[in-house]
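Heads up: the sequence lines are chains A and B, in that order.
Mapping to the numbering used here: the first sequence position 64 is 64, numbers consecutive.
Mapping to the numbering used here: the second sequence position 4 is 4, numbers consecutive.
One should not assume that every hint holds.
[As the list claims (entries may be wrong)] Cross-link-like lysine-lysine pairs, in silico, BS3-like; alpha carbons within 27 Å at most:
hint, chain 1, residue 1, chain 2, residue 2
1, B, 81, A, 64
2, A, 66, A, 41
3, B, 76, A, 41
4, A, 41, A, 55
5, A, 20, A, 55
6, B, 68, B, 81
7, B, 76, A, 66
8, A, 55, B, 81
9, A, 64, A, 14
10, A, 14, A, 41
11, A, 41, B, 81
12, B, 76, B, 102
13, A, 66, A, 20
14, B, 102, B, 57
15, A, 64, A, 20
No wet-lab data here; the hints were simulated from the structure.
These numbers were taken from a predicted model, which means no experiment stands behind them.
The primary structure of each chain is shown beneath.
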Amino acid sequence: GAVVSQHPSWVICKSGTSVKIECRSLDFQATTMFWYRQFPKQSLMLMATSNEGSKATYEQGVEKDKFLINHASLTLSTLTVTSAHPEDSSFYICSARPLNNEQFFGPGTRLTVL
Amino acid sequence: GQNIDQPTEMTATEGAIVQINCTYQTSGFNGLFWYQQHAGEAPTFLSYNVLDGLEEKGRFSSFLSRSKGYSYLLLKELQMKDSASYLCAVRAQAGTALIFGKGTTLSVSS
């Protein structure tokens, strides 16, 4: 089956620093990638939709200048949390969609901001 | 707006059958998904329904009624390892992201 990887799997950073999370589709080309965030005991909330070669579409309430998304190739999307604060601590999960319209999830990245 | 409802918690015993319900109101409908998620891990795909009826996959089955905006996930012969959160998700339009419910935490006891 299709495999999506994320790196790093977990990260701890100081408040005010920036953190980059990578999402890769390992054995297929992903025309679209989605970024979700999940707080403890809550469901996955869509943050943004990223199409290769174009600007990401952000959901209402998600700051595009704080959560920078780059989808430079058909196999890689990155999410950069800029000037991270403790309230940004969460589980970030990406999913990738090939042309056949299925959606495959990465293993997630646990971000802790001190 | 989009709304997906499912019970917050359920408990059951090993060997039993449990049904987790999900109701949805979305701007469109292009498929309903069920995922299993263990704590600290990403969701894993369980089932997909786009037409009315029952889809069976081993111990797990999923049912959909589009006219009622209703689905359920049926888990048979429960095992301790089935203790997890079960997420109902809807895709409103083809190619768009899945919209998730809040998940149902299932606890299976011996």
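Results for each hint:
| no. | hint | in the structure |
| --- | --- | --- |
| 1 | B/81 / A/64 | violated (39 Å) |
| 2 | A/66 / A/41 | holds (24 Å) |
| 3 | B/76 / A/41 | holds (25 Å) |
| 4 | A/41 / A/55 | violated (31 Å) |
| 5 | A/20 / A/55 | holds (17 Å) |
| 6 | B/68 / B/81 | violated (31 Å) |
| 7 | B/76 / A/66 | violated (45 Å) |
| 8 | A/55 / B/81 | violated (41 Å) |
| 9 | A/64 / A/14 | holds (21 Å) |
| 10 | A/14 / A/41 | holds (24 Å) |
| 11 | A/41 / B/81 | holds (19 Å) |
| 12 | B/76 / B/102 | holds (22 Å) |
| 13 | A/66 / A/20 | holds (12 Å) |
| 14 | B/102 / B/57 | holds (23 Å) |
| 15 | A/64 / A/20 | holds (14 Å) |
Checked against the numbered hints above, the structure breaks hints 1, 4, 6, 7 and 8 and satisfies the rest.
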